[in-house]
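Those protein sequences? They're chains A and B, same order as listed.
According to the numbering used here, the first sequence is numbered sequentially starting from 5.
According to the numbering used here, the second sequence is numbered sequentially starting from 6.
FYI, nobody ran anything at the bench for these hints, they're computed from the structure.
Check the hints yourself; a few may be wrong.
Restricting the straight-line Cα-Cα distance to at most 30 Å, the calculated cross-link-like pairs of lysine-lysine (DSS-like) are [claimed, not checked]:
no.: 1; chain 1: B; residue 1: K267; chain 2: A; residue 2: K208
no.: 2; chain 1: A; residue 1: K156; chain 2: A; residue 2: K226
no.: 3; chain 1: B; residue 1: K267; chain 2: A; residue 2: K226
no.: 4; chain 1: A; residue 1: K150; chain 2: A; residue 2: K226
no.: 5; chain 1: A; residue 1: K208; chain 2: A; residue 2: K226
no.: 6; chain 1: A; residue 1: K156; chain 2: A; residue 2: K208
no.: 7; chain 1: B; residue 1: K267; chain 2: A; residue 2: K156
no.: 8; chain 1: A; residue 1: K150; chain 2: B; residue 2: K267
no.: 9; chain 1: A; residue 1: K206; chain 2: A; residue 2: K150
Going by beta-carbon spacing under 10 Å, a handful of chain B positions derived as facing chain A [what the hints assert, rightly or not]:
no.: 10; residue: S31
no.: 11; residue: T49
no.: 12; residue: I55
no.: 13; residue: Y58
no.: 14; residue: Q66
no.: 15; residue: V172
no.: 16; residue: M177
no.: 17; residue: L264
no.: 18; residue: P271
no.: 19; residue: S272
no.: 20; residue: I319
no.: 21; residue: D388
no.: 22; residue: G391
no.: 23; residue: P415
no.: 24; residue: P419
no.: 25; residue: A420
Glycine included, each C-beta is placed from N, C-alpha and C at the ideal position.
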Amino acid sequence: MSPPVQRVCRLHGASRVAWIALMVSTAWGTLAGCSTTRTTATPPAREDAPAAPPTAPAEPQSANAPPESAPPADVQPAPTTNVAAAPCVCSQPAPKPRPKKHKPKPRAAVTQPEPQSVGPVPPPTNAVVNAEVGRIDAPLTSILGKDVFSPKGENLGRVVDLLADSEGRVRVAIIDFGGFLGVGTRRIAVDWPLLHFTPGDKDKSLRLTVTREKLQSAPEYKDSDSPRVLVPPAATPDAAGADTKK
Amino acid sequence: MLQAPTPRSEVEPPAARPSGASPSNSSAGRGLDWFNLFVANIQTGFGPFIAVYLSGQSWTQTSIGLALSIGTISSMASQVPAGALVDAIQNKTRIAAFSVLVFTASALMFAIHPIRLFVYLAEILHGVSSCTLGPAIAAMSLMLAGRMGMALRLGRNARYAAVGNGVGAALMGACGQYVSERAVFYLTAALTLPALFALLPLRRFRKPGGNVPAPPRRPQSGAGSLRILADRRLLIFCGCAMLFTFGNAPLLMLISGTLTAKGSNPSLLIGACIVLPQIVVALASPAVGRFADRFGRRLVLIIGFAMLPVRALIFSTTANPTLVIAVQVLDGIAGAGFGILVPLIVSDVAARSGRFNLALGAVGFAIGIGSTVSTSAAGWISDHFGMRSAFYLLAATGLAAVLLAVFAMPETRPAADEEEEGAR
């Protein structure tokens with residue numbers, strides 16, 4: 005349980021944690037009614053969270069973690085992996101059944117863009133945020149419709165959909181795999197951390213650390229709240245082809 | 006060049022076409038062959054590949070689904086009206102040419118600027134013009150071959166269409182793989198040009214032989230339309246066709262999904278599953294046409310339909326790639342039979358009524374319903390009850406089609422020299 009926590013911190017770094025904290029806290033109020041979340045105590049007051057500046061140091065995690073560490077426990081039924089919520093563990097050692105599989109890749113700087121592209125959405129509380137025009141300080145890459153390549157360079161298909169959890173974090177990418185002229189394609193859900201990004205690479209900006217065979221034999225994705233997902237192995241930090249199915 | 010002298014062209018009873026108009030007739034026949042081939046080529050580009058292409062253009066699954074539904078709905082809605090329209094317009098060649106030009110436009114819309122407006126528009130245009138093109142081809146065949154020569158002519162049509170399908174699938178598959186997905190649509194648009202050229206001799210065929218106007222258009226009243234649409238043979242055939250399509254349409258999708266999960270080179274296997282039946286159709290069609298003339302439509306219908314439950318049952322027990330591909334030969338046989346019999350039976354029933362294309366549109370509508378409903382139904386069943394149940398369902402539907410054909414479908418082959426059967 006503890007190793008994952010450390011990895012989270014290493015991977016996402018302080019700014020990542022701060023971001024998540026912000027998103028989580030702003031989204032919480034709106035998501036309270038969501039069918040999957042059964043949270044009761046959701047004081048929107050937490051909005052002021054110390055996380056506002058993305059550059060906030062690592063401490064904030066302890067500051068804002070406690071309030072939400074309790075509710076997420078029953079958000080858990082979703083079988084997908086947990087990437088960012090792990091910091092909560094700091095305050096409550098017990099609650100998380102999930103953090104076991106989540107395997108950040110060394111690409112900390114590069115992984116950052118994606119929560120931001122999906123992240124800044126949350127202001128839908130009734131309050132309007134005074135948004136401003138700015139720039140995201142990282143190379144960004146478009147994802148939808150992009151081809152995905154295996155480490156060996158084989159084309160594995162393309163990303164056709166992204167799934168986010170109730171807190172707005174992207175958790176799963178849906179890959180359209182195989183087929184001939186559109187006949188016989190299979191959609192397969194893969195855990196987000198299995199994807200790696202090279203924004204600079206025009207042709208092969210997305211890599212999926214899974215062998216073709218694994219992807220091929222994975223169960224087909226059906227629209228559902230808790231799809232079966234190809235996830236990285238629980239312990240090994242890296243393995244092309246290792247996976248555990250939920 | 007008609008293999009069979011058209012003894013009597015009942016197409017237009019009053020001024021029977023001189024049956025030996027051979028020279029222009031033969032070049033017109035070849036033109037029609039090529040036209041069938043290129044049209045089949047073109048239609049390959051508008052198949053399920055569109056979903057692949059749009060997803061590569063960062064379209065969401067929802068929008069793609071919407072676009073495809075728009076296409077389905079517009080083609081379903083226009084089947085019968087398009088048939089009536091083709092009946093009403095004298096110059097079938099012009100309709101065919103116009104439909105092909107519309108294909109060009111929609112292919113270019115896909116290729117050049119796949120934004121929603123154009124994609125939806127292209128889907129609608131393609132859906133509607135497919136519905137005019139099919140009847141136009143059948144009407145030109147009828148015009149060329151006459152009702153008695155129709156079976157042989159349709160056999161040839163099916164042969165060339167199958168070659169076009171097979172070549173088109175290979176060509177477009179390679180194009181999408183090695184050039185770009187967008188290029189597939191440019192290729193599709195480019196292929197409309199030879200299709201138009203293929204029509205030229207048909208135009209020439211019509212002009213000099215000015216005595217060959219369109220099929221008779223005697224009963225102009227709505228009552229005539231109703232009478233044809235209420236023809237018992239046509240209704241039963243619509244039922245057969247719907248059941249058969251219901252069982253047939255999702256079969257390839259289901260089995261190729263399984264192949265994708267198993268085989269070592271699934272794309273190649275699926276390609277084989279698509280192309281092989283076309284080869285069989287190309288080889289078997291002329292014989293099937295002759296067979297339908299000699300032994301009757303009913304027998305061909307029953308044999309063709311019987312392939313479906315057999316295939317579905319075999320698929321339910323195995324996903325062995327070699328076996329699956331071998332079984333696809335049966336699909337070719339069924340495809341040849343069905344492809345020929347649809348226009349043939351309709352021409353038996355309706356050729357003399359001047360409502361041929363309307364009737365064809367009605368059958369097309371039944372087929373459309375069958376395939377649309379079944380794809381969702383089979384998907385739902387395989388999700389909830391497993392793939393095997395889906396195959397059983399399809400086999401059962403196929404069996405129902407066979408039974409309907411055996412017990413209810415009358416023979417429609419016109420008697421050798423008088424057509425008192427032709428209820429008009």
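Hint-by-hint comparison with the structure:
1. B:K267 with A:K208: holds (26 Å)
2. A:K156 with A:K226: Since the Cα atoms of K156 of chain A and K226 of chain A sit roughly 28 Å apart, the hinted pair holds (cutoff 30 Å).
3. B:K267 with A:K226: holds (18 Å)
4. A:K150 with A:K226: Since the Cα atoms of K150 of chain A and K226 of chain A sit roughly 21 Å apart, the hinted pair holds (cutoff 30 Å).
5. A:K208 with A:K226: holds (27 Å)
6. A:K156 with A:K208: Answer holds: K156 of chain A to K208 of chain A is near 11 Å, not above 30 Å.
7. B:K267 with A:K156: holds (20 Å)
8. A:K150 with B:K267: Since the Cα atoms of K150 of chain A and K267 of chain B sit roughly 24 Å apart, the hinted pair holds (cutoff 30 Å).
9. A:K206 with A:K150: holds (10 Å)
10. S31: This hint is violated: S31 of chain B lies away from chain A, its Cβ roughly 35 Å from the closest one there, beyond 10 Å.
11. T49: Because about 7 Å separates T49 of chain B from the closest Cβ in chain A, which is inside the 10 Å limit, the hint holds.
12. I55: holds (7 Å)
13. Y58: holds (8 Å)
14. Q66: OK, holds: Q66 of chain B within 10 Å of chain A, min 6 Å.
15. V172: Result: violated, 13 Å to nearest chain A Cβ.
16. M177: Where the cut-off is 10 Å and the nearest Cβ of chain A is about 6 Å from M177 of chain B, the hint holds.
17. L264: holds (6 Å)
18. P271: Holds, about 5 Å.
19. S272: This interface hint holds because 5 Å falls under the 10 Å limit.
20. I319: Violated. Min distance 18 Å.
21. D388: holds (6 Å)
22. G391: At 12 Å from the nearest chain A Cβ, G391 of chain B fails the 10 Å test, so the hint is violated.
23. P415: Nearest chain A Cβ about 36 Å off; hint violated.
24. P419: Constraint on P419 of chain B not satisfied, violated at 38 Å.
25. A420: Violated - the Cβ of A420 of chain B stays beyond 10 Å from chain A, reaching only about 43 Å at its closest.
Violated hints for the displayed structure, listed by number in ascending order: 10, 15, 20, 22, 23, 24, 25.
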